[in-house]
Amino acid sequence: MEYTSVLIQFLNGLASASSLFLVAAGLSLIFGVTRVVNFAHGSLYMLGMYMAVWLSERIGFWLAVPMAAAIVGLLGAVVEMVLLRKIYQAPELLQLLATFALLLVIKDAALWVWGAEDLLGPRAPGFAGTVQIADGALPQYDLLLIALGPLVLVVLHFMLAKTRWGILIRAATQDREMAGALGVNQRWLFTGVFALGALLAGLGGALQIPREPANLSIDLSVISDAFVVVVVGGLGSIPGAFLAALLIAQAKTFCIALGYSKATLVVEFMVMAAVLVIRPWGLLGRVPANLRGPAAVPLPFHPPSPRMLRIFAVLSGALVLLPLASDAYALVLLTDILIFALFATSLHFILGPAGLYSFGHAAYFGLGAYAAGIFSLQGKFPMELALALAPLAAGLAALVFGWFCVRLSGVYSAMLTLAFAQIAWSAAFQWDALTGGSNGIVGVWPAPWLASKTAYYYLTLLLCAGAIIFLWRAIFSPFGYALRAARDAPLRAEASGIAVRSMQWAAFTIAGLTAGIAGALYAFSKGSISPEAMGVQRSVDGLVMVMLGGLQTLSGPLWGAALFTWLQDAAARNIDYWRAATGAVILALVLLWPNGLGSFLQSKK
Amino acid sequence: MKRLPVGALVLALLFLSEVQAQTIRIGELNSYKTFAAFLEPYKKGMELALEEINRAGGVNGSKLELVSREDGGNPGDAVRVAEELISREKVALLTGTFASHVGLAVANLAAQRKIVFIAAEPLTDKIVWENGNRYTFRLRASTYMQTAMLIPEAVKLKKQRWVIVYPNYEYGQSATASFKKLLSKAQPDVQFVGEQAPPLGKIDAGAVVQALIDAKPEAIFSSLFGADLQKFVREGKLRGLFKNTVVFNLLGGEPEYLDPLKDETPEGWWVTGYPWSQIKTPAHQKFLDAYRKKWQDYPRLGSVVGYTTIYSAANALRKARSTDPEKLIAALKGLEMDTPFGPIVYRAVDHQSTMGAYVGQLSAKGGKGSMVNWRFADGANFLPPYEEVRVLRKE
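Residue numbers (the numbering used here), protein chains in the order written: chain H, 3 to 607; chain W, 1196 to 1590.
Wrong hints could be hidden among the right ones.
Below, computed lysine-lysine pairings styled on PhoX-like, alpha-carbon distance capped at 25 Å [what the hints assert, rightly or not]:
no. : chain 1 : residue 1 : chain 2 : residue 2
1   : W       : 1432      : H       : 264
2   : W       : 1258      : W       : 1238
3   : W       : 1411      : H       : 455
4   : H       : 264       : W       : 1353
5   : H       : 455       : W       : 1258
6   : W       : 1375      : W       : 1411
7   : W       : 1397      : H       : 264
8   : W       : 1411      : H       : 264
Chain W side only, calculated, beta carbon under 7 Å to chain H, not exhaustive [stated by the list, open to error]:
no. : residue
9   : 1365
10  : 1409
11  : 1410
12  : 1413
The hints are simulated quantities; they were obtained by calculation from the structure and are not laboratory data.
C-beta atoms are modelled at their ideal positions from N, C-alpha and C, and glycine is treated no differently.
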């Protein structure tokens, strides 16, 4: 590379960093104060883009950008007041579910309003050309972005450091309860912060339209980038987010410049994994203040009541007898539901009793599925053997990744699981010889004696029920109680001789292994396996199932998995805007039963 | 008196089952939400074909019924949806799918469940070659065919330094591999001096364009589409990448991907596509008029694909005079039929149709993109010899 192109690529990186920073700053701000992991942040960004394209045809680009940002900020305020305010008291992560539902609704709303075709916005008047740098050219607009990022950083910093409002925000970030006790009106503070965060997202989107068409898939790609930046920078730290955006944008740019463009799929996650392993709270993050009071300690699980056991007995009986009375498709759908019930239960095992967050649980599901495919097609193992060995591969991966993840806590640990999941995903995506690349592995069918829908359904029922019972038994074993102690009072648990990390490590591995069973069953039921099986979407689906069912109930994941799978199937068949419909149902459930479906059942006993 | 309602009910049921017996169901699944820009016109095309066929009396004395489903854009959901179409909706055959991996998974399921599958849109070569099976047929010109259609123009230019940019998944990878292979064969002194494989939908256009400029290319082969293509065009124009290079872009002339470029359409690029407003053949004119009359909109390439898919199914059912899968396979092998693009054949050797594509250059005349200097490339002329295909299909 010549000197000029190094310089230009560096400036390219700076421009991308500014764009990244704008959207990440809002996310970081929102999380810092409200502890809401705003999954819909990318959707707000997307709305900013659409709004700006639409407005700039009417009032010109330069008016459209601030207008779009303001409208999105206003929308953020409305969302906070109507939705999030109602669920701050609910278990953590529930807000994740609510904002996920919001993402689905916003996506379909945008499709409905603006249509399916990508909308290319205008170039920015006055910044439509390039500047000459030696014998290369850089768009003027990139220079503007390069300046804008630090400008926003300075403004935000000034606002947080010098204004009264900023001081209140910092106080709330440091210690929410104390700020409340001192008479700070948290309601308006939260609304204001959420609106500001949304405004920044909208601004980021609006400013992007000269570089990128508004399109419907931007929301998910932006949100994952923004999460990574926020976590690498340190949650709640605005300068940290800036630094992280810089680091990640430059890493990506130079992957492209040096001819490793394929690595851009995963480089941000590698950076994140490396940063988190070395600095567990991100580049500039601080050890978060512990939440005080009884609200912070989740209620312990109870062994199922006799009434619950009767429900399970009846349910199991019905599931065993069902093939006698139903059509083949009901069995196919039920097989899916059982597999996801096991997947959700395995995730719940670490989320609930062990208190370890995971945003990347699909990795173990996917590894189980891929191992099954590779053993049976490439290894030419009999199907039964492949099915038996595949979960071990997933368990082994969980053993390795888990060692790192249990060293961290909270959202940091969750993001490290996500990083590992993305690295595993990109390995599956790129390793053509072993995994079939983007096509995946095709032709993974069960042995002839299991080929009929009924036979495979019974196999799935047997294995899933067995694994779920095993996980539940583990919760009420000494091991499970040790996990609970480690979750609720790690210091006391250590003092009483429990090896906290080892316990959590073991739990992580067990969860990975059982997710692997679900994955292997999935592969043989579908006949093929592709990278999606271990993508972010599947991890999110798992979280949604657990949260729908209720984190603090034993059987919640079953109901959550059943409802979510059935809902997707039924809605996608009957309703054009099925994503919005699914989102609306989830929102309704969140508002009606913030503790999940399982709690609804329990409360009636 | 009490018996009358029961009798009426029985009669009604008999009547209903009679009606049921008179319809033939086609099961269709596609990623409507993931690739909405292509698939909305596709659905309109299907509905037009269905209406025409049923107005003309249906097929084998039965009305055709289309049961269309969202496949969620991933193989796992697609297979479940296909199972539902097969076992609950009792469809006679399956059609549809967009992305390569979804198409391959459904094709494999079709072989497992012994039901005919006409893959409408997936472009992957594997679906009829390496992973081909006797139940799967494919309508559209494949990645290989469309790449091959651009080769004659590429060879004529005698450019030596080529760079390649493609979305990093099956379609882009195989387009790139085919292009390199075919061009090197026709022009042995060609050099490929740079390659960029951004993730689908996530191209960092500024950096990619700069990296390509650094490679000092004389010509570019791209298989970008959608948002990636728009970003690439804008940055490339701005930074002067296209000033002294000739660009070839697979699919770049398809209205789905061309129209959003409007006045920024790059002049002179060689593309495959669909110049719908300029095709004057009677077959196309008939389709165009009917489509505009029904939808008050112009057709995209997706419309032609959807329309022709349903006609393929109908013609196969007619020729087979049955819904039996084995008879349908026999009918589809070598099935000859007319399409808006002219006559096609579903080749018996690999189940690939000979549907062609239009090859031409882009122009931004009048503030919107169009194709000029175009010609129709018949798919039959851009397929490898039978012997090669047989080796690939492991037959």
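Going through the hints against the structure:
For the hint linking residue 1432/W to residue 264/H, the alpha-carbon distance of about 24 Å falls within 25 Å, and the restraint holds. For the suggested pair residue 1258/W and residue 1238/W, the alpha carbons sit about 19 Å apart, so the restraint of at most 25 Å is met. A C-alpha spacing of about 58 Å is found between residue 1411/W and residue 455/H, which places the hinted pair above 25 Å, so the restraint is violated. The hinted pair formed by residue 264/H and residue 1353/W fails the criterion: a straight-line CA distance of about 29 Å is larger than 25 Å.
For the hint pairing residue 455/H with residue 1258/W, the CA-to-CA distance comes to about 31 Å; that exceeds 25 Å, so the pair is violated. At most 25 Å may separate the alpha-carbon atoms for a hinted pair to count; residue 1375/W and residue 1411/W meet this at roughly 18 Å. Annotation: proposed proximity of residue 1397/W to residue 264/H holds, straight-line Cα distance about 12 Å (limit 25 Å). Simply put, residue 1411/W and residue 264/H have alpha-carbon atoms about 21 Å apart, close enough for the 25 Å limit, and the pair holds.
For residue 1365/W, the suggested interface contact is upheld, since its CB lies about 5 Å from the closest CB of chain H, less than 7 Å. The interface hint given for residue 1409/W holds, since its Cβ lies 5 Å from the closest Cβ of chain H, which is under the 7 Å cut-off. At its closest, the beta carbon of residue 1410/W sits 9 Å from a beta carbon of chain H; the interface hint therefore is violated under the 7 Å criterion. The interface hint given for residue 1413/W is violated, since its Cβ lies 18 Å from the closest Cβ of chain H, which is over the 7 Å cut-off.
The structure is inconsistent with the numbered hints 3, 4, 5, 11, 12, although it conforms to all the rest.
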